[in-house]
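With chain E fixed as given, assemble chain D onto it according to the hints.
Number of protein chains: 2
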Amino acid sequence: MKVRVFVSLKEGVLDPQGKAVEHALHSLGFEGASDVRISRVVDLHVKAENAEAARKKGEEMARALLANEVIEDFYVEVIV
Amino acid sequence: MKVRVFVSLKEGVLDPQGKAVEHALHSLGFEGASDVRISRVVDLHVKAENAEAARKKGEEMARALLANEVIEDFYVEVIV
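As given, the protein sequences belong to chains E and D, one line each in that order. Those letters in the first sequence? Residues 1 to 80, per UniProt numbering, in order. Those letters in the second sequence? Residues 1 to 80, per UniProt numbering, in order.
Just chain E, with the same shape it has in the complex (with noise of 0.2 Å):
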């Protein structure tokens, strides 16, 4: 089964990549550009039985792995 995990920033948190993305969009002539920020998606198939364990197992690999959670949040979709 197909699960994304969206894992960002939370508010409030200092995105430097996305500062930089940014100041180079400015540089490029992209001046109305603001707020720029940069999160990342994992997809990946799981072995599950049915949509509601594999969003479960998505969870667990993001609070285990893919999600910093003092500085990031996450949520999971199941790609049926």
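Think of the hints as simulated: they come from the structure by calculation, not from any bench. It should be emphasised that the depicted structure is a prediction, and the values quoted were computed from it without experimental measurement. C-beta: ideal position from N, C-alpha, C; glycine also. Keep in mind that a hint or two might mislead.
Result set (DSS-like, lysine-lysine): computed pairs, CA atoms no more than 27 Å apart in a straight line [claimed, not checked]:
1. 2/D - 47/E
2. 2/E - 10/D
3. 10/D - 47/E
4. 19/D - 2/E
5. 10/E - 56/E
6. 47/D - 2/D
7. 10/E - 47/D
8. 10/D - 19/E
9. 19/E - 2/D
10. 47/D - 19/E
11. 19/D - 47/E
12. 56/E - 47/D
13. 56/D - 2/D
14. 19/D - 47/D
15. 56/E - 19/E
16. 2/E - 47/D
17. 56/E - 2/E
Pair ranges (Cβ atoms, derived) [what the hints assert, rightly or not]:
18. 23/D - 32/E: 38 to 44 Å
19. 32/D - 19/E: 35 to 41 Å
20. 32/D - 32/E: 43 to 49 Å
21. 72/E - 68/D: 22 to 28 Å
22. 70/D - 19/E: 31 to 37 Å
Relative to chain E, chain D alone:
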């Protein structure tokens, strides 16, 4: 206007970061995880008259900086 640019590796392009995550998941006991692919999402605000103009801006930024079209695909969503 809020724009989201979703950037993922083209199919067939090797994803070493995804492979590393896959191995780490296996080591942690998630043996069922496979086909791990990591993408990124760039959220930003742009100055635009309407949603269509915002989408166009997002596509220009993706082509100029956010995505490497040789190995990556992207799509742009406008979040109203």
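Going down the list of hints, with the structure as the test:
Distance check on the hinted pair: residue 2/D and residue 47/E sit about 36 Å apart at the alpha-carbon level, beyond 27 Å; violated. At roughly 18 Å between alpha-carbon atoms, residue 2/E and residue 10/D fall within 27 Å of each other, so this suggested pair holds. About 24 Å separates the Cα atoms of residue 10/D and residue 47/E, which keeps this hinted pair within 27 Å; it holds. A threshold of 27 Å between alpha carbons decides the hint, and for residue 19/D with residue 2/E the separation of about 16 Å falls inside it, so the pair holds.
With a C-alpha separation of about 21 Å, the suggested pairing of residue 10/E with residue 56/E holds against the 27 Å cut-off. Distance hint between residue 47/D and residue 2/D is fulfilled; the C-alpha atoms sit about 9 Å from each other, no more than 27 Å. Taken as a hint, the residue 10/E and residue 47/D pair is honoured in the structure, with Cα atoms around 24 Å apart against an allowance of 27 Å. A threshold of 27 Å between alpha carbons decides the hint, and for residue 10/D with residue 19/E the separation of about 26 Å falls inside it, so the pair holds.
Between residue 19/E and residue 2/D, the direct Cα distance comes to roughly 16 Å. Compliance with the 27 Å bound is thereby established for this hinted pair. Among the hinted pairs, residue 47/D with residue 19/E is consistent with the structure: their alpha-carbon atoms are about 17 Å apart, no more than 27 Å. Annotation: proposed proximity of residue 19/D to residue 47/E holds, straight-line Cα distance about 17 Å (limit 27 Å). A hinted pair counts as satisfied when its Cα atoms are at most 27 Å apart, and residue 56/E with residue 47/D does not qualify at roughly 39 Å.
Among the hinted pairs, residue 56/D with residue 2/D is consistent with the structure: their alpha-carbon atoms are about 12 Å apart, no more than 27 Å. At roughly 38 Å between alpha-carbon atoms, residue 19/D and residue 47/D are farther apart than 27 Å, so this suggested pair is violated. Straight-line distance between C-alpha atoms of residue 56/E and residue 19/E comes to about 33 Å, which puts the hinted pair past the 27 Å bound. Proximity of residue 2/E to residue 47/D is assessed by CA-CA distance (about 36 Å); at most 27 Å being required, the pair is judged violated.
The hinted pair formed by residue 56/E and residue 2/E meets the criterion: a straight-line CA distance of about 12 Å does not exceed 27 Å. Evaluation of the 38 to 44 Å hint for residue 23/D and residue 32/E yields a pass: the beta carbon distance comes to about 42 Å. Distance hint check for residue 32/D and residue 19/E: the Cβ-Cβ separation is about 38 Å, which falls inside the suggested range of 35 to 41 Å. At roughly 45 Å, the beta-carbon separation of residue 32/D and residue 32/E lies within the given 43 to 49 Å, and the hint holds.
For the pair residue 72/E and residue 68/D, the beta carbons lie near 25 Å from each other, so the given range of 22 to 28 Å is met. The supplied range of 31 to 37 Å is broken by residue 70/D and residue 19/E, whose beta-carbon atoms lie about 26 Å from each other.
Figure legend: structure checked against the earlier numbered hints; hints not met, in rising order: 1, 12, 14, 15, 16, 22.
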